[in-house]
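Chains G and H, in that order, are what the protein sequence lines are. All letters in the first sequence, in the order written, are residues 1 to 271 by this note's numbering. All letters in the second sequence, in the order written, are residues 1 to 351 by this note's numbering.
It should be emphasised that the hints constitute simulated quantities derived from the structure, not laboratory data. Keep in mind that a hint or two might mislead.
What the hints assert, rightly or not - Partner residues are not named here, just some residues of chain H that face chain G (Cβ under 7 Å, in silico):
#1 Pro49
#2 Gly53
#3 Phe70
#4 Ala74
#5 Val80
#6 Leu86
#7 Arg104
#8 Val106
#9 Ser109
#10 Arg112
Unchecked claim - Computed footprint of chain H on chain G, listed as stretches where at least three residues anywhere in the stretch have a Cβ under 8 Å from a Cβ of chain H:
#11 184–194
#12 206–212
What the hints assert, rightly or not - Interface residues of chain G toward chain H, partial, derived using beta-carbon atoms under 8 Å:
#13 Arg171
#14 Tyr172
#15 Asp174
Even for Gly, the Cβ is constructed at its ideal location relative to N, Cα and C.
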Amino acid sequence: MPTDVTPRRRATLRDRPPAALVPLAVVAVAFVVVPFVALLQRAPWTDLADLLTEPVVSDALRLSLVSAFAATSLSLLFGIPLAWVLARSRFPGRSLVRALVILPMVLPPVVGGAALLFAFGRRGLLGGPVYDGTSFLLPFSTWGVVVANTFVALPFLVVTVEAGLRSADRRYEDAAATLGAGRWTVFRRITLPMAAPSIGAGALLCWARALGEFGATVTFAGNLQGRTQTMPLAVFLALESDRGAAIALSLVLIAVSLVVLVPLRDRWLAV
Amino acid sequence: MLQASIGLRLGDLDLAVDVEVADGEVVALLGPNGAGKTTVLRAIAGLIPIDAGRITLDGRVLDEPGSQTFVATAERPIGVVFQDYLLFPRMTALDNVAFGLRARGVTKSEARARAGQWLARVGLSDQAHAKPRALSGGQAQRVALARALATDPRVLLLDEPLAALDARSRVHVRAELRRHLASFGGARLLVTHDPVDAVVLADRLVVIEAGRVVQAGTTAAVTHHPRSRYVADLVGVNLLEGRAIDGRTVRLPGGAELVLADPLPGPEVAVALRPQAIALHREHPAGSPRNCWPATVTDLEADRDRVRVQLDGPVTVAAEVTPAAVAELGLAPGVSVWASVKAVDLIAYER
């Protein structure tokens, strides 16, 4: 008598992992989960409502969200064209440009912040002439936070979209050209929709990187509540003075990240 | 009138091919994979510039390296039906067909109305809002054809238009494609590796091998008088002309009758039959298949692992069998045999 093999049972039997992998995978999960549990266990649940309504928290949350979304928007605006150029056109020094573009990914963010200061500071390469002419100053302003975030987050978008463009089937672009579509129409109506999944994944990575940005922001934009103090900066500062507030801020940051990541992850990061 | 003299090097391929297609004519570029057929099509469409030679359409130069002339793909009045059709996956069938009109500046409502008319012409009005993945292979091909023709091109190029289909739908789609091709008055150039597609769909054949034209001429001339062993192997399709006597039966001039699996397309037909599809027997085969006739072997021609057997009798055809079968059946000139063929292996088209 054959046993009734359901699809679920079949999948379970087929995908049974090798025994050695299981304990290692459990350790990996525990390594990620334990710190969160510790954080929750230390959370000042009774004072939470009061802590969260303090202006420090709401200012930092608003600034973090605004600057992360602004940095993602700027990265999309400039990063998609850059990814297209890197993926499609051939020019001398292309591999050097590609290396420079991903440099902020591997560079310590503090170094990035210092570099931004030398470029856009009051006596910086570009910031100097601009300040002399208009007395506009980028560092220590909310725009400075956005610039710092964009600097570290842009490579995540460029790398993801470039890979997506390389794997796209270019024959669809050929088909569009034979139908009379010029290069801009092909890009807008064929290339962009084909690259949409990688653009979505890149934007998500970019946003997550911007939201957690600390080093470049604190170096380039400082730590002024309501102007440049984002959530990670507020958490770091509060750890010194008010541990309960630091935990409350952390919980908010975790909640925001989960709200954005969980629904989008399966859609854009699933391979 | 499309005149292409194409010289092009691409990897291992060294292409030097001349093709001419007059208005109202269907020309098939026939050759094995890697012969350079698709590259010829891409060069004519402007998707790859040629290294030498000249491509002109109605006297206008589209590509001539010698005079630094190159007209971009989007500016050429050339429609292409690609292999696998390449329908835009995120657009409906209607938007696919409307794409070319929109790209050429037709307003959205006008483009959609005209696209709807094209879908009606290919019998797909009810699929207008379907996404390409919901269409069958035959339907996708018709959408691709409508999309290519909607911009009113002077030339239509088709790259292996039947290769993506399974054997079952192929016969039907091929007959339908023949009908749709007939309704387009411009020059049509079709690329295929399948001799049956070529003889059914085209007026003239251009056979290419490794980037060179090895024979060109009318379909009948090339299939009846292949100039080389290579061409014979490639286009050695038996073509039998006859009259329909009922929905599925063809009478040949000698009086023999052949029964087909599919309904005949008209009263005067030609039947294509691959030599490999003919089975030979020493005795009248048991079970008496409908298409069975006595024949006399007139000639044997061996080539590698196959033997081509010329047969005389009520149906004059060439069959292809293995050397083992030759020994087993004792085949030699003058020997009498029975030949049979399945109804599904007979492909009829209107003369």
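Now the hints, each set against the structure:
no. : hint    : in the structure
1   : Pro49   : violated (13 Å)
2   : Gly53   : violated (20 Å)
3   : Phe70   : violated (13 Å)
4   : Ala74   : holds (5 Å)
5   : Val80   : holds (4 Å)
6   : Leu86   : holds (4 Å)
7   : Arg104  : holds (5 Å)
8   : Val106  : violated (10 Å)
9   : Ser109  : violated (18 Å)
10  : Arg112  : violated (15 Å)
11  : 184–194 : holds (count 4)
12  : 206–212 : violated (count 0)
13  : Arg171  : holds (6 Å)
14  : Tyr172  : holds (6 Å)
15  : Asp174  : holds (5 Å)
Figure legend: structure checked against the earlier numbered hints; hints not met, in rising order: 1, 2, 3, 8, 9, 10, 12.
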